Amino acid sequence: MPELQSGELLRAEHLTRHFKIGGALARATLHAVDDVNFAIGQREIVALAGESGSGKSTIARLLARVYKPTAGKIAYEGRPLSSIRSRGDRLRYSGQVPMVFQDPFASMNPVFRVSHGVMRNLKLHRPELSAKQRDDEAARVFEVVGLGADMLQRYPYELSGGQRQRVGFAQALVTRPKLILADEPVSMLDVSIRIGLLNLMAKLRDEEGVSILYITHDIASARYVADRLIVMYAGQIAESGPIEEVLSAPRHPYTQLLLSAVPDPRAPLNVEAETDRGEPPKVIDPTPGCRFRWRCPLAIEVCEHVDPVLEDLAGGPGGAPPGSGKQSHAAACHVAQSGAEVKAFSA
Amino acid sequence: MSNPPVPERVLGVSGLSVEYVLDRGSVRAVDDVSFAVGNGEFLGIVGESGCGKSTLLFAIAHLLAPPALVTAGSVSFAGMNLVTMTDKQLSAIRWRDVSVVMQSAMNALNPVKSIGAQFADVLRAHGKPSRADIRSRSAEVLRMVGIDPAHLRSYPHQLSGGMRQRAMIAMAMLFTPELVIMDEPTSALDVVAQRSLMVQIKELQEQYGFAVIFVTHDMSLVSHFSDRLMVMYAGQVSELGPTRAVFDAPRHPYTQGLLEAFPSIRGPRVPLKGIPGSPPNLAVIPNGCRFHPRCPQVMDRCKEQVPELYDVNGTLVRCLLYDDRPVRTGAAEARTAEKATADKSVADA
Ligand SMILES: Nc1ncnc2c1ncn2[C@@H]1O[C@H](COP(=O)(O)OP(=O)(O)OP(=O)(O)O)[C@@H](O)[C@H]1O
Ligand SMILES: Nc1ncnc2c1ncn2[C@@H]1O[C@H](COP(=O)(O)OP(=O)(O)OP(=O)(O)O)[C@@H](O)[C@H]1O
Ligand code: SF4
Ligand code: SF4
Ligand SMILES: [Mg+2]
Ligand SMILES: [Mg+2]
Chain A
1 MPELQSGELL
11 RAEHLTRHFK
21 IGGALARATL
31 HAVDDVNFAI
41 GQREIVALAG
51 ESGSGKSTIA
61 RLLARVYKPT
71 AGKIAYEGRP
81 LSSIRSRGDR
91 LRYSGQVPMV
101 FQDPFASMNP
111 VFRVSHGVMR
121 NLKLHRPELS
131 AKQRDDEAAR
141 VFEVVGLGAD
151 MLQRYPYELS
161 GGQRQRVGFA
171 QALVTRPKLI
181 LADEPVSMLD
191 VSIRIGLLNL
201 MAKLRDEEGV
211 SILYITHDIA
221 SARYVADRLI
231 VMYAGQIAES
241 GPIEEVLSAP
251 RHPYTQLLLS
261 AVPDPRAPLN
271 VEAETDRGEP
281 PKVIDPTPGC
291 RFRWRCPLAI
301 EVCEHVDPVL
311 EDLAGGPGGA
321 PPGSGKQSHA
331 AACHVAQSGA
341 EVKAFSA
Chain C
1 MSNPPVPERV
11 LGVSGLSVEY
21 VLDRGSVRAV
31 DDVSFAVGNG
41 EFLGIVGESG
51 CGKSTLLFAI
61 AHLLAPPALV
71 TAGSVSFAGM
81 NLVTMTDKQL
91 SAIRWRDVSV
101 VMQSAMNALN
111 PVKSIGAQFA
121 DVLRAHGKPS
131 RADIRSRSAE
141 VLRMVGIDPA
151 HLRSYPHQLS
161 GGMRQRAMIA
171 MAMLFTPELV
181 IMDEPTSALD
191 VVAQRSLMVQ
201 IKELQEQYGF
211 AVIFVTHDMS
221 LVSHFSDRLM
231 VMYAGQVSEL
241 GPTRAVFDAP
251 RHPYTQGLLE
261 AFPSIRGPRV
271 PLKGIPGSPP
281 NLAVIPNGCR
291 FHPRCPQVMD
301 RCKEQVPELY
311 DVNGTLVRCL
321 LYDDRPVRTG
331 AAEARTAEKA
341 TADKSVADA
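Chains as they are written, first to last, in our numbering: chain A, 1 to 347; chain C, 1 to 349.
These aren't lab readings, by the way, just hints derived from the structure by calculation. Mixed in with the good hints, there may be bad ones.
Said to hold, decoys possible - Cβ pair distances, simulated, as ranges: (1) 123/A x 277/C: 42 to 50 Å; (2) 90/C x 84/A: 48 to 56 Å; (3) 204/C x 136/A: 16 to 24 Å; (4) 153/A x 277/C: 17 to 25 Å; (5) 25/C x 73/A: 49 to 57 Å; (6) 273/C x 136/A: 24 to 32 Å; (7) 276/C x 340/A: 46 to 54 Å; (8) 84/C x 89/A: 57 to 65 Å.
Please read all numbers here as calculations on a predicted model, not as lab measurements. Quick reminder that beta carbons are idealized off the backbone N, C-alpha and C, glycines included.
Isolated chain C (complex conformation) (with noise of 0.2 Å):
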């Protein structure tokens, strides 16, 4: 089989910077992240309660909220910029081209509108049609989440919080977007039908070639499902490659501790250790390596000098320990993730 051409890249997260602009001083949330997402790619995102990934998720979606503001950087999609684009822009390809399940699917769902005229108002949007059309397709989203279509009718406080999310997923699939954006989709799913709903959705990527950004914090969805694993420490990234190289060989001292976090259902019970210290307050972030204070392997310099991005092997790691390596930032570290994906398709092959 020859190799396949270098996958074409459906968005570009370039130095992207978010802010809360706030009376007590701005919290910088997002912290120059730049990466980019292949046709048909999968990437999960993992990092620490409130280090900044739902911001980050707002951010390219386009749908950040004052306090908020983009201070620097760009999103590129399918050649626009994201944003800068105008709301009316924006409404010609959200659920169409982009979709986005939120981290509350109670937020996100309108709770005085069925289920079922929800899926509509979204299915009208973009395009005339029929009614039986908008319920053969409503219906067949929803079983495919395993969710009884006869619900279709109810509102979303009739349904429990692993059937809202479901029910946010299956809006996401109403169309078959390019890009489908989400924010811990199945924290409120059971393992089985989280394993179904995942296999599935990997499915559909495969039949139809959309890219996924996946946010979460469980560790054995990226390891299955994901192509890239982008971990991210107090709004920046922090380590970023392919998930089994990351996996295999974890460099950054925080996705170390990550990894070993995790419990097992099987074998002996060992008391859980997770990661000593607390998470950093984003409005006082601590010199030099934002990790210092927390991390086993801290040297003195860490505490003065700021790590850069560097590249071990093809995998970014912001940590002084690889500061040899050659530094990867901004556009650069686009391109290397572009490669990434291409180098992974050729291994495949």
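So here's chain A without its partners, still in its complex pose (with noise of 0.2 Å):
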């Protein structure tokens, strides 16, 4: 069973979800997550970005127990998902434990007005509210997310992307949650707007302790919410660490590749890892070996077959002991952790 250190609100051990993909004759297994470990602290916010097609919704789904894994564990507060089986129980954890989904043109009902979400977990979450003070709590977290309350009344289909975006993250506030699983909360926003909606969630930790597990491509803006920041690529972690070490100094070559083409609208577009064709990434019954192998230029012979691990990059008395609650900077990748000097793509 994961144990919990001080200061964790979540873990996840070996946390694994396989999926059979193709028709009955050609079964192949597609690795969407493959032994991930990491563990998310109370009053944290934790980015997850990385490749498109990494894990990283499935991540998100397994622990908001929309999937089951396949093999590993992930304890909250303690006590093991698996233990969740009464309906009070399952209750509080979807209330404690919300989630934001990704796309918010497939995660709304059309036949209910937008207003239906967000009673529906007020009645559930919150049974002390009378039906006034839900309706000002309604009103309330819409103008939070720049919603007009007057939006409240209207159907899905009557919103703008980015307005029901907006809708879903207001749906997820209102159960007093402990951990939002916030897959791509601001990927249709406009800055400004997105701007807004950052700062909200550094002040439900700041203010209320809430932790977010908050999935982004948008690194630039991750950056000024976050502490800590998990890339994965190929269904694992690629690399972890607290996020202005990790993007300052970063040490897989991927994380460097991911960080090389972080565009900025003031400079020339660097085409300098325009060789790289984003080679889709082999998850569908892979081979041992480093998954980045294809389109990495410092791969070696190890590379080939041995997978890399998750390890600590410090090693010696800088290294972070588990539990210290100092945050460690880790990556998967055998040269990183041969201590060699990793410049793969240049920023």
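Bring the two chains, given one by one in their own frames, into a single complex with the hints.
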């Protein structure tokens, strides 16, 4: 059973999720998430970034109990999720750990007004509120996410993409969450509204102690709110650590590629890594060895047949002993772990 | 090298207005929008969430459904008025001549058909390709967008958010259309995949000469890939000009705010500042300039006087700070747009 360290809220150990794909004849196994280990602290915003299709949403869905793990364990406040069985337990968990789904077009029922989801959550998770208090609370969270209270009476198809996305966030806010699983909650918002939502996330953490798993492709804005960054590639964690440290000294070649591609509207397009053609990652029946090796300019022989595991890079006395509360900087790369300088792609 | 000929325009939008007609009153989500897109041109559209970008694209592609109604204006594509076209005429050109990548890939894809089957449907709608042709073309476009062709057998729910978006883009590239309309097509993609995809779209565009209309919230995408940039605010065009000119000297205070708000991963962490105030409610539009309640440069007259589009060295700006410049509207605006494209190609040559 995963043991919680002090200050931790949630811990995932050897978390794995496979999917069977293809017809009955051509059965193959897609390794969406493979042996992933991480923890989310109390009062912590963890940004989860990485390649499209690398398993970020699958992780959020596993944590939200939408999917069951193929292997591995998740513990929330010291209790394994697998022990959640009664209706009361399920309700309590979904209220404390709500999920904001990535696609607001697919996750809203078109027959109900948008107030429906918010009101339903309020009734389920805060039964002590009167009808009037529920109305007030619904109006309040809508204002908080930058939607007028009049939007509550609309149907989902009467809203723009970014408006729907904020309805999804508002729904998660009304349950008094402890950990929000936010799957790309700002991807359809313009910078200005996006900043408003990011500031809201920081305020929830600072004033109400809420933790957030913030899945995003917008690393530049994650930098402004997140404490820690986890970078995924092909179902595995490539690198993790305090966000400023990872951004200023990325050690995994994929992280370096990712950061080199973060665009800056004021600077010319960085085409240095242009030879990188976004080769599809091999997560369908993968063979051993580093899954980034086909794109990695630093690949050495061992990368061809040995899976790199996520290890703390500092090693010696600088390294963070588990449970010390200090966040370690870790990467799953043979070259980085050998202590050699990693310079695969530069920003 | 001699001057290239003035590019022919592939799309002309003139005085287009779209309303959502509702019991509680109508909402005009697109208000008197005019612009033109030249052959092989890449037009970027940015603007606040809810300002009418998707509605505009739906109107252009003739995909609006009630209660949305085109209340004025026309959309001409290759000499035809799209607004008055019948469904039959439209299906003859959809995907082959005009393809659309919608904001929600999940809405656009059929949930009960595999990706491969949907590609096949599109290919069969315009010809009689053999099964082998269908398979090879489908695999080709899927690989182009960085997806393992094994996923041709996958259903939309078996793909990640970014993979669904890329599948939509791949579908738009099954033929080589003359116009590709894309509504935030890369919002679910990591920046590496996004960059490689954009570079490929650009290359294809150069090779086949199709025009692109591209809506995004990502200022760096338009900065790097668009020829011309249109900024929308509250259903209207607030600034329209060559991308470089708009980035180098943004004129409209809203555009200025948009560009300043952009966070960076480099340099010190400075507090993020958005544009103050909240987006306008399209049902209750402010008097005068629609941006005046939020504008840092607001003047007294902005509260009553409605700004037109003024021509500031070839960039159109809807702001009274420039009302000493000539007014441009409707067809004139479309012509200016064509001229801007021509100037650009002259400058490049
Ligand atoms: N229900 C499912 N059945 C089969 N395969 C699935 C299913 N859900 C996800 N996958 C596969 O798992 C992999 C990871 O998908 P996931 O949605 O977790 O990616 P992601 O990191 O969230 O990507 P994006 O950034 O594009 O949203 C993908 O290859 C996807 O095709
Ligand atoms: N069916 C509808 N009925 C009423 N109002 C609608 C309807 N559809 C959209 N609207 C409103 O019209 C306005 C424009 O919507 P549109 O989807 O075009 O915005 P957008 O610019 O694409 O925004 P986003 O960037 O968030 O996708 C929004 O304020 C929206 O609330
Ligand atoms: S393990 Fe090898 S192939 Fe993988 S990222 Fe490190 S150097 Fe590259
Ligand atoms: S017209 Fe006035 S309020 Fe409107 S953008 Fe210009 S200066 Fe600001
Ligand atoms: Mg996802
Ligand atoms: Mg939209």
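Hints breached by this structure: The structure conflicts with hints 1 and 3, although it agrees with all the remaining ones.
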